[in-house]
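2 protein chains.
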Amino acid sequence: MELLAGPSAARGTERLPLLDALGRALAVDVHAPLSLPPFANSQMDGFAVNSAEIPDDGAELWVADPVPAGTAPDALKPGFAIPIMTGAMIPVGADAVIPIERAVPDSFPKPNTDAVVRLPHTTAGSYVRPAGSDIAEGALALHAGTCLGPAQVGLMAALGLTAVEVRKPLRVLLVTTGDEVVEPGRELTDGKIYDSNGTLLEAAMRQAGLEVMRSGISDDDPDALLALLRRHAGSGDQSGSVDLIVTTGGVSKGAYEVVRQAMAGHHVEFVPVAMQPGGPQGIGRFMGVPFLGFPGNPVSCLVSFEMFLRPALSAVHGTPAPRPVHRAPLAEAVTSPSGKHQVRRGTLLPDGSVRMEGGAGSHLVHALARANALVQLPVDVTELAAGAEVEVWML
Amino acid sequence: MELLAGPSAARGTERLPLLDALGRALAVDVHAPLSLPPFANSQMDGFAVNSAEIPDDGAELWVADPVPAGTAPDALKPGFAIPIMTGAMIPVGADAVIPIERAVPDSFPKPNTDAVVRLPHTTAGSYVRPAGSDIAEGALALHAGTCLGPAQVGLMAALGLTAVEVRKPLRVLLVTTGDEVVEPGRELTDGKIYDSNGTLLEAAMRQAGLEVMRSGISDDDPDALLALLRRHAGSGDQSGSVDLIVTTGGVSKGAYEVVRQAMAGHHVEFVPVAMQPGGPQGIGRFMGVPFLGFPGNPVSCLVSFEMFLRPALSAVHGTPAPRPVHRAPLAEAVTSPSGKHQVRRGTLLPDGSVRMEGGAGSHLVHALARANALVQLPVDVTELAAGAEVEVWML
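These protein sequences, in sequence, are chains A and B. With our numbering, the residue at position 309 of the first sequence is 314, and numbering never jumps. With our numbering, the residue at position 211 of the second sequence is 216, and numbering never jumps.
Treat the hints as calculated values from the structure; they're not laboratory data. Mixed in with the good hints there might be a few duds.
Put simply, identical chains are the same to the list, so a pair is met inside one copy or across any two.
What the hints assert, rightly or not - Computed list of lysine-lysine pairs in DSS-like fashion (alpha-carbon distance at most 30 Å, straight line): (1) Lys115 to Lys82; (2) Lys258 to Lys173; (3) Lys258 to Lys82; (4) Lys345 to Lys258; (5) Lys115 to Lys258; (6) Lys82 to Lys173.
Build the full structure now, drawing on both the sequences and the hints.
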């Protein structure tokens, strides 16, 4: 997380119209420029009254002219009740609203007729929404770092705001590696596979609010990879540089591990992570730019993104919104390797239980595409019976 | 839902590059043009062997040249083991992989040295991912109507696809009504409030994949509202017309209900819904265009959208993806009116329980902006203790 704090601060902020700010993180605290509701208003269609004028056994009152929506009403005169619609301003002199269903008769008279209405006793404040009962003028409406969704931009509109200062998106360079990897659409010869990591991770990163630059596939030549990374990391020009480099593949202990070889001599560590899928992960800086080396299997890539990068972005940059985490019973028994935190793919079923999609294999991208959740099996778990509760992260 | 089936079919489809199709619904079934994995490959770094050549007490084998990634390996010769990396193609003649950790010595010899390795017994198929074990060529990969997220576009990339046929977004006309409603940014006089419904709903609709047209605020003149709706509904030209009209406000039983008045004589019903917030909802067709009349309070608008329109879009059009629904314990006791399904706003806490945000009032847009979930209290519930399980829809 500390790795991303610098770039997040350096990337800066911009002012956007509310709807363009959807999915961005607030750069500043927003205080309410007015109270909500701005004025005491009626919670129901009914009669605005002075509660002190109606004894326990009710009273008959003259019906005044109704309060039209969107205007400041005349003051309530003694002996009168004022027809009022939901949301309309409570007249001066009134302190309660009596719903129309409790009036006799239970409908509004035509305007400009000398009508009376019988109303039951009520207490001050009944069916009145006080000014500022949702938020008071000057109070903190949204704090810096809030990820803006429909409700948050809706609140700012209710406060009369039209634009907002948000953090600029972070820019990531995404490099997929491997001699065996071919761009989708090209011919697939023996021993080759199509690059799904690039599309999968770019999609996940875009949805998480990152600006993604793609380098194409880098083969297993460390010098070529280094040259590519230097071009992007070393521009020095803030607007053109990247805030983060993510590679896929070439991080394990095999004989042809291009990322591991290329990073030798740079400030990047390759740490074994006791997680399945996952395995070794590269982490550090390349020429000062935060660097993450994900494994080469597509499921490992997505799980690495969801477990490490996405939560760090939420915490440091405010976007994306954190995944909701909850507990759900297993629809079936599962096993998990001893000493490893297993992250399985699952589907939350309509009955609230969670079913596994595919086995533990990190190459099962079709099974991943059927899943809507990650299922967390802690490091000390080796087997769980059907019905056991597990932590579930919704995708 | 039947209301939306016609427009969804009529809107048609388009072919998009994978990443541009993110968030769209597949228009057709996608079958796998190749198997995944395309060829049997190794699950580990280790030695590819013919398991029949290694008796129960193990065997010493000559070490052949390694299988480079991304090539078709030479066939395994009798008496040999072939160094192989994770993901590399299993050579003809080999039927199992023995992980490097189980070999003696447990590291790969330099190429072109006459080395031997001692390997333990194994069984055919060990640490081999068979061709087609994730999906077989010709099998259904993704069904029509699937909402495309990172995993789904990642799968299509793994299958070598570069573009996909998706449903075009539906187009909605969003009209906020009310003499009391003012555009954010303008001056707020007594009795007026800022229009938050427009921003709130446009944001929610955009996130749900709708193309939103805004008319601005319509005042409480039914004739003006009718003229506005006719302009948009009646264009006749498919590309310019809207698939759905949504209005806010003007649907209750009060004296100034502009939507209700304007729809008199059209095929729109105003039905009381036993839901809080919510109340009356308009539903029908205006000049053949599906029409929904939402209530005027912002929280009611969002709840109406989430409870009625969004699930219908998911079911009929395939986008957005349905909200995950699960059960969580209440962090506090709640009460709910008898005879009404109450939809409260809540926050799913890190401990998995759900806390209420604000009271039941449908004007509490600041409380809504703190929430990340809708909490469903069924029609027959009047009170629930802390710890009771409720259905939670994550926002």
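Against the structure, the hints:
no. : hint             : result
1   : Lys115 to Lys82  : within (19 Å within a copy, 101 Å between copies)
2   : Lys258 to Lys173 : neither (37 Å within a copy, 46 Å between copies)
3   : Lys258 to Lys82  : between (87 Å within a copy, 26 Å between copies)
4   : Lys345 to Lys258 : within (18 Å within a copy, 61 Å between copies)
5   : Lys115 to Lys258 : between (86 Å within a copy, 15 Å between copies)
6   : Lys82 to Lys173  : neither (56 Å within a copy, 59 Å between copies)
Hints 2 and 6 from the list above are not met by this structure, while the remaining hints are.
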